[in-house]
Each structure stands twice: as structure tokens, then as C-alpha cells.
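J.: My request is simple: use the sequences and hints to build the entire structure.
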Amino acid sequence: MRNALKVAKWEFRRNIKNKSFLIGLFLTPIIFLAFMFFGSLFDDSAESEGETTRVFIHDQLGLYDTLAETVEQHQLNWEVHLTDLDEEAVREEVQYSEHTAYLFVDQRALEDSIIPVYTSESISPHFMSQVQVLEAPLKAWQMKQLGLSDEELALISAGIQFQETSADQLVEEGEKATELDDSLVDSILERAVSGIAAGIVLLSIVFSGMYIFQSASQEKKDKVAEIILSSITPGELMQGKIIGYFLLGMVQAVVFLGFALGIALWKLDANILQYLFVPELILFLLIAVLGYFLFAALFVGVGATMADVTTSGNFQGLVFMLPFLPFIFIGPIINDPSGLIAKIGSFIPFSSPGVLLLRLSLLEEWPWVEIIIALAILVISIVIMMKLAGKIFKTGILLYGKNATPKEIWKWIRA
Amino acid sequence: MQQTVLKVEGLNKWFKDKQVLHDISFEVYKGEIMAILGPNGAGKSTTIRNIMGIIYPDEGTVTFNNQKEIPRHKIGYLPEERGLYKNVKVMDILLYLAELKDYPLDKAKQRALHYLQKFGLEGKENASVEELSKGMGQKVQFIASVIHEPELLILDEPFSGLDPVSQEIFKEEIRSLAQKGTAILLSSHQMNLVEELADRLFMIHRGRKVIYGPMNEVKRQYANFKCTIRGTYHSARLERLPDVERVEEEEGAVVLYLSKTVQPALWLKQLPDDLVIEELTIDRISLHEIFIDIATDRNQLAEEGVVHA
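Residue numbers (the numbering used here), protein chains in the order written: chain A, 120 to 534; chain B, 9 to 317.
No lab work stands behind these hints, which were simulated from the structure alone.
Cβ coordinates follow ideal geometry from the N, Cα and C atoms, glycine included.
Hints may contain errors.
Pairs of lysine to any residue, SDA-like flavour, derived with a Cα cap of 25 Å [unchecked claim]:
{"no.": "1", "chain 1": "B", "residue 1": "LYS97", "chain 2": "A", "residue 2": "ASN122"}
{"no.": "2", "chain 1": "A", "residue 1": "LYS125", "chain 2": "B", "residue 2": "GLU89"}
{"no.": "3", "chain 1": "A", "residue 1": "LYS342", "chain 2": "B", "residue 2": "THR304"}
{"no.": "4", "chain 1": "B", "residue 1": "LYS132", "chain 2": "A", "residue 2": "SER139"}
{"no.": "5", "chain 1": "A", "residue 1": "LYS128", "chain 2": "A", "residue 2": "LYS342"}
{"no.": "6", "chain 1": "A", "residue 1": "LYS136", "chain 2": "B", "residue 2": "LYS94"}
{"no.": "7", "chain 1": "A", "residue 1": "LYS125", "chain 2": "B", "residue 2": "ILE78"}
{"no.": "8", "chain 1": "A", "residue 1": "LYS125", "chain 2": "B", "residue 2": "LYS97"}
{"no.": "9", "chain 1": "A", "residue 1": "LYS125", "chain 2": "B", "residue 2": "MET60"}
{"no.": "10", "chain 1": "A", "residue 1": "LYS136", "chain 2": "B", "residue 2": "TYR64"}
{"no.": "11", "chain 1": "A", "residue 1": "LYS342", "chain 2": "B", "residue 2": "LEU170"}
{"no.": "12", "chain 1": "B", "residue 1": "LYS117", "chain 2": "A", "residue 2": "PHE131"}
{"no.": "13", "chain 1": "A", "residue 1": "LYS506", "chain 2": "B", "residue 2": "TYR64"}
{"no.": "14", "chain 1": "B", "residue 1": "LYS24", "chain 2": "A", "residue 2": "LEU518"}
{"no.": "15", "chain 1": "B", "residue 1": "LYS132", "chain 2": "A", "residue 2": "PHE131"}
Computed Cβ-Cβ distance ranges for the label pairs, DEER-style [as the list claims (entries may be wrong)]:
{"no.": "16", "chain 1": "A", "residue 1": "ARG121", "chain 2": "B", "residue 2": "ASP66", "range": "26 to 32 Å"}
{"no.": "17", "chain 1": "A", "residue 1": "PHE151", "chain 2": "B", "residue 2": "ASN95", "range": "23 to 29 Å"}
{"no.": "18", "chain 1": "A", "residue 1": "GLY377", "chain 2": "B", "residue 2": "GLU89", "range": "39 to 45 Å"}
{"no.": "19", "chain 1": "A", "residue 1": "ILE150", "chain 2": "B", "residue 2": "GLY189", "range": "57 to 63 Å"}
{"no.": "20", "chain 1": "B", "residue 1": "GLU89", "chain 2": "A", "residue 2": "LEU141", "range": "26 to 32 Å"}
{"no.": "21", "chain 1": "A", "residue 1": "ASN454", "chain 2": "B", "residue 2": "SER136", "range": "51 to 57 Å"}
{"no.": "22", "chain 1": "B", "residue 1": "GLY49", "chain 2": "A", "residue 2": "GLY377", "range": "51 to 57 Å"}
{"no.": "23", "chain 1": "A", "residue 1": "ILE460", "chain 2": "B", "residue 2": "ALA135", "range": "51 to 57 Å"}
{"no.": "24", "chain 1": "B", "residue 1": "ASP171", "chain 2": "A", "residue 2": "PHE443", "range": "33 to 39 Å"}
{"no.": "25", "chain 1": "B", "residue 1": "SER136", "chain 2": "A", "residue 2": "GLY436", "range": "28 to 34 Å"}
T.: Structure (C-alpha cells):
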């Protein structure tokens, strides 16, 4: 174990000083940031394109204040003015103006339910749908004029709602009643934030797991393995690599999280930190770390079978895709976090870390039995995978100049 | 009595169904240079890997100072397939390899600087490994294998790819290490270098021992005299001389291979009087020639060696 730690220290220092690692370390979050920044840039420009629409209301019914208030409430990008121009004049006017609309609120509204609207050139394409928000106050006024009482008004304007009660809900009803307040929002945020954080940790240490892949194969390419193995055992070399790259992954994760937190604090008002450091985070991080060890063992073993990263065969390429397995499950899980597919995903070792993180972030009630089974499967898989990787690594790391075939690898495993 | 540092007994190794080592046994003494010779694929590197515990023999034992457990930090090893991490500084990798051997780092640093200077790599300690030429890289690897003052140094093809100047430097260093008491096991197929360096040799062919013994004895036993004459001669007459086993003619010169029992001084007197000699040399067949003979199965020597051994 002492030797493994020496290797870990070496691998860590060697990479942390390496320019390409350092660039990758900071560039990835910066690229993320840049995309977000450009995204918001485009958002802004889209808004600024929609120039303020001047809306003139020819009001004969004394509804101007009500309408202006409604416009205010909906935060429409309007400038509302009163006007005395009659329709003839307006017809002339709209020919020569821009971003301007005229509404005629008069007797026709009550009798025919019609509000004539005259729009100028280059009016916002959304204007005619925006103007619909005025329907409610106008309707209310119209009904009031027809002599309905306030209660009757409320009833009519409320419309009809279809209220669904499913069998599930009947069961949960008791519990739900207490949760339907702010704490519900809180708990969703709580799980989501720490889940996302753990997801970032998982992602960055799985990426650094891929560095292991490269490192093991580079070790062969540089033919340095035999020199190292004259001092320590293959097992120690392998463990050292796994630990060293784990630490590198943690550095990557910390940098990533630092950026993510910074952005979150800047963009969102919510107190993210309060939601980040919750008890759930411990389990999430445990899952992420277990995920790392599984993939690290896989990669270090397969990396040792390859002479050159660029000449990886189909078999090795396939292994490389395994960390992305959880993506297959994302859709079904979001639809139904406790459905069959989600359950299957949690029990397949290679997708289990990602799937578990996603499910637990979405689910209110944690299926503890499933979690424990999934973790047990994961831990057993790690132990098996480490054993296999050790066997493959021992032989593979000294096989120079060619990639091992799956048949050869099978032979080493059985040896 | 010489002190045995490394003892290899009865190594047998199979790769699949093919036996690659047949009952290999030898010893390396303190302060001597012992050479393993053999053509490519003879089993030299396999033998060495078995000693280093990188692969394990199917049968046989390897003992170090009479211990079964091989103390890795007391052994220096320069493998045949060798390289260094790229992207790292020369000093960093030397210190890392010393650290893996549990050698004190301050001492390692001193020794590294000393050796870099000795090998003409002064000021390269902060250079990146990538920047080194192949020869420089080999020198750094050599330093790495001796930095921790090993009791036993195993060098697998240390001279391959080196220019003559660097070969000389290596040769000198290997000699001086042996003089200071390091047991050295050297594998090579560059016979002239081995002939100069080695105290004893072990020749291996197709995984079997062919010759094993002190260099002088081996030469006495296997390297008969040969006489090379440049001048005007009748090869037919020379062939009829006593003790001539074989005659080979090369451009303007004739080589007479003499029998084992020949007495050179007496034999020379029997040369015909009318022989015009421009140049005449009489010496033993070199190790190189023995090696080629064995490797190409041209000589009876191979089988003979097995029988006598």
C-alpha cells in the first residue's frame, strides 16, 4: 500500500504539472461559462429587438385605468396612452407610424363584443396575442353591465376545471396535505442541488477515469512498465494509478463545482449553499465515488490491453462508451422515476451510479430497499472488476506492440 | 570462496505448450560480471524476467543471498524493453524511481547529479525527457538502474542502440561497479563487448544451456586456434598441413582452422618455406564466431556443448 501511494503521488504530481491537464481543468468550465454567457447574450438581443409598442386607447367607457393596470400586471412591453383621435384620423395615422396600435373601447364592446384595433407598420408579431390579456377586464365589465352580481361574476369568470383524483392520490392524500407548502419546493431544491453537485463529481471523476485508460496504455507505449515493475508489484502500480487519478478527478470536480456554484450564486437568487450541504449529499457522493472505482478498474484493465489509444479496436471502443450508458435511461426516468426501466437501470452496475443519482434527485420518497440492493450490486461489481483488472493489467502491461484480442484477455482472466 | 549473490536453479518455463526454458541453472558472484549470451529469442529476457519476478517460472527457484524472497530494492534492473515517461523532468523521474526503491531522496539527488555529469548530461536534470536523444535517454535509464546502489545489477542488452563513445562510457561504468563489489548480470548479443567485459558467461540457445563457465576456460575449451595468412600460397598444400581441420578463403587471405590439440609454436615451424607472407596472425576463434556457429547450427559445438556440459 505504501508503494501504491508513491505511485499515486507521482501520477498526481506528474499530471497536475502537465499543461494539457491544466488547460483541460480550467477550459472545460470556462467553455461551459462561455456558452451560458453567449446564450444569455442572444436572449438579451432577442428581447431588445421587440421594441416598445405604443398603444393608444380611445376610451369612451372609462376603462382606461383598469386596462392600464392589467397591462402593468402582465409586464407587457407597452406604453399606454389615451387618445382622442377618431377612427378616420387613425386610419391616416397608422400609415406613417411604427410600433403603434390604436384600440377603440366604446359601445361596440358591450353590444357586439368587438374592440377595433388598428396597427401600424412593423408592429411586434406577438401584439395580437398580447392584446388578448385585455379580454378579462373587458369581459368582467361587460358582464357587470348586464347586471350580474359579484358572486355570479366570480363563478362565471372562474371557468370550469376538471379535477382529477387517481387511486394513487387517494392513498397519499393524507401525507400530501401537509407537504403542499413551501417545504415541498425546498425539498425538491435540496435533492436536486446536491444531486446535481454529485453528478458533476461523478462526471469529472469518470472523465479522469478515462485519463487512466490513456495512462495505462501510455505506460506500455513508453515501455516504462517493466522498469517500474522491477520495484513494485503490478497490483501496487494499478492501485496507485487508480488512487492518483481519483485525486485528480477530485481536483477537477472541485474546480467544476467552484465554477458552477459561482454561476448559480450569480444567476439564481436562491441560497444554493443551504441546499448543497444536506445529508443527502453524503449518499450522492458515495454513489459517485463507487461509480468512479468501477470505471477506474474497467479502464485501467482495458487500457493495459492496448498498445496505442488511437488504434483501439471495436472491443475497446465499446468499453469506452459504457460510462454513457445512463443517458439511455434519462428519458424514461424523468417520465417515471420509480418505473420498471428506472429500476432496471439502477441494478445494472455500469449505469447504476448515474441512474441512481438521477432517480434520487427526482424522487420524494427514497426506495431504500432498491438503493441498498443497487449499492450492494455496485460494490460486488467493483470487487469483481478490480480482481479482473488486476489479472488483465499484470499480463497486458508487459505485452508490447499490439492490442490484445478479447480472446487473449479471456485467457489471462482464466489464468 | 566467492560469495554467491544470485542463484538460479532448474528454471523451466512454458508458454502455452511450448517450453521456452529448459532447466536453466547458474550463479552470479559478488563483484563479477556474468554474461548471458544467445541469439534473439533464445530465452535471455525470459530468464531475466523470471529472476525479477515479473513472470514466474513453472519450475525452479531463484535465490538472492540464499533468501527465497527477492529484495527488489537491492536489485537494479535495466530491461530490454525500456523507456521513460514523457513530459517529466529527468531529475523528477530519477527521484521517483529511487523513491520506489526506498532510497533516501537527498542521497539519490546527489548521485543523480554525479552520474549525469559523468555521462555528459550535465545541466540536463531539469530538461524534459522528451527533449533527450535516444542515447541520452538510455543513459538516464542506466542511471535509474544504479541510483540506489544495488547489490545486484541486471542489464538486459545495455548496449543496444548506443554509439561507440557511449558504449565505452557504459563499459567503464559497468567495470567500475563490479570492482566496487556489485554483482552484475549482463545480457547481450554484442560478443566483442561481452568478450572484453565478462568474467564468466552463460550461453543459451533455444532455451537450453550451451556453454557455462569462466571466459578464459570457455575460450580454451571451445575457441581453437586459427591462422590467417595474407600473401601467396597454395591452398591445397596448406590444407595438407597437420592439425588443419578446415580451410576458408577470403579475399586474398586464407584462414586455417586448427585442431584443439595443436601447439602453435610447433605448428608454425611446419609452414612451407616458399610461402610468401605479407601478414600472418594466429589467434583463438572469437566468441563472436562461436556464437554465430551456435546460432546457425553450423558447428557440432552446440550438441557437443550440451553433452559435455
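J.: If a hint holds in the structure, say so; if it doesn't, say that too.
T.: A quick look at each hint next to the structure:
1. B/LYS97 x A/ASN122: holds (21 Å)
2. A/LYS125 x B/GLU89: Holds, at roughly 23 Å.
3. A/LYS342 x B/THR304: At roughly 31 Å apart (the allowed maximum being 25 Å), B/THR304 and A/LYS342 break the hint.
4. B/LYS132 x A/SER139: Satisfied, since the Cα-Cα distance of roughly 23 Å is no more than 25 Å.
5. A/LYS128 x A/LYS342: holds (20 Å)
6. A/LYS136 x B/LYS94: Holds: A/LYS136 and B/LYS94 sit about 12 Å apart, inside 25 Å.
7. A/LYS125 x B/ILE78: Answer holds: A/LYS125 to B/ILE78 is near 20 Å, not above 25 Å.
8. A/LYS125 x B/LYS97: holds (17 Å)
9. A/LYS125 x B/MET60: holds (20 Å)
10. A/LYS136 x B/TYR64: Judged against 25 Å, a Cα distance of about 37 Å means the pair is violated.
11. A/LYS342 x B/LEU170: This hinted pair holds, its Cα atoms lying about 18 Å apart.
12. B/LYS117 x A/PHE131: holds (21 Å)
13. A/LYS506 x B/TYR64: Holds, at about 19 Å.
14. B/LYS24 x A/LEU518: holds (15 Å)
15. B/LYS132 x A/PHE131: With Cα atoms ~23 Å apart, B/LYS132 and A/PHE131 stay inside 25 Å; holds.
16. A/ARG121 x B/ASP66: 26 to 32 Å: holds (31 Å)
17. A/PHE151 x B/ASN95: 23 to 29 Å: holds (27 Å)
18. A/GLY377 x B/GLU89: 39 to 45 Å: Taking Cβ atoms as reference, A/GLY377 and B/GLU89 lie about 43 Å apart, which means the hint holds.
19. A/ILE150 x B/GLY189: 57 to 63 Å: holds (59 Å)
20. B/GLU89 x A/LEU141: 26 to 32 Å: Given a distance of about 31 Å, which is inside 26 to 32 Å, the answer is holds.
21. A/ASN454 x B/SER136: 51 to 57 Å: 53 Å Cβ-Cβ, so the 51 to 57 Å window holds.
22. B/GLY49 x A/GLY377: 51 to 57 Å: Hint holds: Cβ distance 56 Å, inside 51 to 57 Å.
23. A/ILE460 x B/ALA135: 51 to 57 Å: holds (56 Å)
24. B/ASP171 x A/PHE443: 33 to 39 Å: With Cβ atoms ~50 Å apart, the hint is violated.
25. B/SER136 x A/GLY436: 28 to 34 Å: Holds - the Cβ-Cβ distance for B/SER136 and A/GLY436, about 31 Å, lies within 28 to 34 Å.
Going through the hint list in order, the structure does not satisfy hints 3, 10, 24.
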